[in-house]
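Student: Sequence:
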Amino acid sequence: MSLALRPHQQEALAAITGAFARGERRVTAVSACGTGKTLTAVATARHVAADGRVLVAVPTLELLTQTIRRWREGGRAGLMVGLSSMSQTRSGLPRRTARMVKRPADLPRLVAEQDGPATVFVTYASLQGLQDAHDIGQLPAWDLIVVDEAHRTCMSTQEGWGAIHDDRAIPARRRLYMTATPRIFTAGLWDGAPTATMDRRDIFGPVVYRLGMAEAIERGLLADYQVVMPVVGDKQLHAILTRKPHLDPQHGGLRAAALQVAVLRAITDHDLQRVLVFHNRIEAAEAFSQDLPHTAVQLKRPDLQAFWVDGTQRIDERRSRLSDFQNADGCSVLSNVRVLAEGIDIPAIDSVVFAAPRNSVVDAIQAIGRALRLVPGRGKKATLVLPVYLPDGRATEQALHDSQFEGIYTILQALRAHDDSFLDHIAVPRRSRRMDGGGPRRTVHYNRAERALQVALALGLEITLPATGSWHDGLASATRYHHDHHHLDVPHAFHDDTGFALGEWISNQRLRHLADRLPSEHTEALDALGMLWSTPAHTFTRILDHARAYAAAHGHLAAPTDATQGGHPIGAWLAECRRKDNSDTLPKDHAKQLAALDRWWNPGWPLTWRRAYAHAKAHIAAGGSLDVPGSFTTLDGFKLGQWLNRQRNNFDKLRAEQARLLIDIGITPHVDSIHPEAFRTERGRDFRRGLVAASCYLAREGHLDVPRQHTETDWIGPFRLGSWIDHIRRTPNELTDEERAALNLLRMAWDTPRATAEP
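Going left to right, the sequence shown walks through residues 1 to 759 as the working numbering numbers them.
In short, the hints are calculated from the structure, not lab data.
There could be a bad hint or two in this list.
Result set (DSS-like, lysine-lysine): computed pairs, CA atoms no more than 25 Å apart in a straight line [claimed, not checked]:
| id | residue 1 | residue 2 |
| --- | --- | --- |
| 1 | Lys580 | Lys300 |
| 2 | Lys617 | Lys592 |
| 3 | Lys653 | Lys639 |
| 4 | Lys580 | Lys592 |
| 5 | Lys617 | Lys653 |
| 6 | Lys639 | Lys617 |
Derived DEER-like restraints, expressed as beta-carbon distance ranges [to be verified]:
| id | residue 1 | residue 2 | range |
| --- | --- | --- | --- |
| 7 | Leu299 | Arg6 | 50 to 58 Å |
| 8 | Gln88 | Ala21 | 32 to 40 Å |
| 9 | Pro94 | Glu576 | 13 to 21 Å |
| 10 | Glu73 | Glu576 | 50 to 58 Å |
| 11 | Arg109 | His294 | 50 to 58 Å |
| 12 | Arg729 | Pro629 | 33 to 41 Å |
Yeah, the Cβ is synthetic: ideal placement off N, Cα and C, and Gly gets one too.
Please build the complete structure, drawing on both the sequences and the hints.
Tutor: Shown next, in the form of structure tokens:
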């Protein structure tokens with residue numbers, strides 16, 4: 001039973017068989033990576049060599065076994081033989097699927113004994129042995145040769161893999177060349193001309209079918225894609241490197257650290273699940289996969305798993321790691337060195353990272369193709385990650401002369417060559433649906449938009465900036481924001497009260513200014529508001545300024561975690577500062593600056609109490625009375641009456657600093673809550689009267705340093721509070737423990753200048 005062809009495969013089959021019917025002996029079919037070229041080849045064999053002999057040539061051992069399986073699944077019957085250096089056991093294929101042979105001399109006998117179709121699969125590295133079998137005259141000509149990844153054979157018939165073209169060395173009635181990347185020499189793309197480029201009709205025949213990447217995406221055969229260029233600098237790495245001593249400039253270097261940070265940032269920002277990373281060196285791939293999980297923990301991604309494969313591993317070991325990668329829970333990252341660049345089909349891959357320069361456009365396109373493969377009936381959007389490391393202190397233009405950027409040039413060339421719709425367009429995308437206007441379908445996301453725009457401009461790319469809505473609406477919103485906050489340091493995600501995405505608008509004005517596309521009158525209007533033409537660095541001093549504004553507006557720094565100030569997440573920032581302060585990791589000068597704004601910014605009691613206290617203090621400052629019923633609520637909805645009653649009735653449960661703060665604004669305890677036994681004896685009742693008078697004086701004056709002649713008037717009449725206090729100071733031993741505790745809650749001054757100075 002054969003698999004059904006999809007419409008584009010039927011088109012390719014018709015073009016190929018039609019050309020053979022017209023007498024062509026060599027034809028080329030160009031189809032983007034992941035569009036099912038193998039199944040098209042199986043169908044071609046069924047039409048032109050149903051009971052004949054077919055040779056299939058592939059570049060790698062991994063691709064050899066995968067291709068054998070695909071031909072069986074595609075319905076090819078009869079004998080299948082794999083000629084390579086791989087044993088039957090190592091191949092993982094049962095003999096009923098294919099016979100694996102190492103000795104070319106065994107081929108003639110196996111093929112001769114077969115009554116019906118015979119299909120031989122060979123790696124290009126084993127072509128010499130195949131030629132030897134033909135040379136001894138016992139192996140007949142092939143009815144069809146399928147040359148897979150044909151761009152790899154662009155060399156003379158006298159050079160290694162070029163032997164597949166030679167009808168004298170390997171005779172065949174027909175040859176079908178299949179590739180996603182036809183290697184045609186163009187001075188702008190190739191460093192040197194290959195010996196036999198694919199525009200040589202005498203070698204590769206005519207191109208009878210062509211399906212490019214852009215068309216394949218449009219037809220839903222491949223995943224659409226986006227390009228992510230995360231830009232990382234030295235300062236951004238510092239905090240991570242100091243927490244990660246095993247990855248420092250002496251071990252792996254800043255580039256390795258930058259690469260890991262960039263990949264993890266892309267994973268988080270774009271919710272990537274199966275990430276394939278291309279390296280040039282085995283030791284780099286191994287180190288990357290070993291270090292990445294540690295870095296992920298620092299960046300709050302502990303669920304990430306990392307693997308690596310390379311050509312030195314046994315095939316069964318590579319298969320095991322590939323299986324672990326595909327079946328891992330959560331996000332998994334697979335580093336590889338020239339193992340998965342061609343033909344290997346893992347549709348679960350949703351992103352490709354280029355960790356090192358790709359010096360070949362063909363290699364870059366083949367690598368990109370790993371992420372574009374779709375499982376039929378399922379959609380996805382692939383992500384291509386091009387990490388950019390710009391050492392701090394170096395101008396962008398200067399940094400771009402670094403050899404690392406050759407890889408970016410190559411990959412962008414690959415996209416231009418393989419996807420006509422990509423062209424040179426690099427977009428800084430809009431992040432909000434509230435903005436008007438559109439952008440190119442191929443989107444390049446930037447993590448640091450201004451720095452990445454500098455990169456794109458220096459690379460000579462055409463920049464497509466997003467629409468920003470009405471200039472007048474944006475300026476009006478910016479003016480209102482400046483009036484309220486006295487600056488234009490607007491967070492990117494900030495929307496004003498009308499729903500206008502002001503933060504995004506401000507960011508886009510910066511980009512237009514940087515790209516020299518902002519009219520001078522617009523620049524002048526924003527300058528008048530104190531426009532910041534570069535995004536301010538996310539420093540302690542910058543956020544402290546917003547904390548200062550919050551404290552001025554609210555009277556404290558006990559902000560809820562979700563509190564914002566002008567759109568800045570001041571609550572979350574303060575919570576992190578408190579966490580660091582509690583663990584002794586907050587720099588002392590930072591703690592000092594916060595305490596200068598609010599002495600109790602990190603109190604030893606709940607922040608809710610600190611906020612409630614600020615409500616009470618603001619009520620008094622506005623001329624309000626503290627003598628309010630329990631049902632009293634402030635204009636902003638705070639239940640002040642209930643809170644005051646709780647404080648007065650629970651004074652003994654408060655910390656000394658809390659009690660002092662309450663007394664400072666005239667809130668004193670209910671006497672019966674601090675000395676409940678007072679009514680039981682006449683002495684107790686007299687003492688209670690003194691406590692009431694002392695409490696009244698304390699609420700009014702804020703202390704108990706009472707002049708000896710002072711009198712308070714209560715419900716009975718005048719009470720000589722000064723004499724009562726003086727007597728207690730002189731005879732403290734006459735007090736019970738309960739009486740002394742009650743006086744202490746009223747902040748009793750046991751020894752004062754007034755007490756010692758007066759006779």
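Student: Look at each hint and say if it fits the structure.
Tutor: Evaluation of the provided hints:
1. Lys580 / Lys300: holds, 17 Å
2. Lys617 / Lys592: Distance of about 24 Å is within 25 Å: holds.
3. Lys653 / Lys639: holds, 21 Å
4. Lys580 / Lys592: This hinted pair holds, its Cα atoms lying about 13 Å apart.
5. Lys617 / Lys653: holds, 21 Å
6. Lys639 / Lys617: Status holds; Cα separation ~14 Å.
7. Leu299 / Arg6: 50 to 58 Å: violated, 41 Å
8. Gln88 / Ala21: 32 to 40 Å: Holds, at about 39 Å.
9. Pro94 / Glu576: 13 to 21 Å: Once the Cβ atoms are compared, 58 Å apart, the range 13 to 21 Å for Glu576 and Pro94 is violated.
10. Glu73 / Glu576: 50 to 58 Å: At roughly 54 Å between Cβ atoms, Glu576 and Glu73 fall inside 50 to 58 Å, so the hint holds.
11. Arg109 / His294: 50 to 58 Å: Since Arg109 and His294 have Cβ atoms about 56 Å apart, the given range 50 to 58 Å holds.
12. Arg729 / Pro629: 33 to 41 Å: holds, 37 Å
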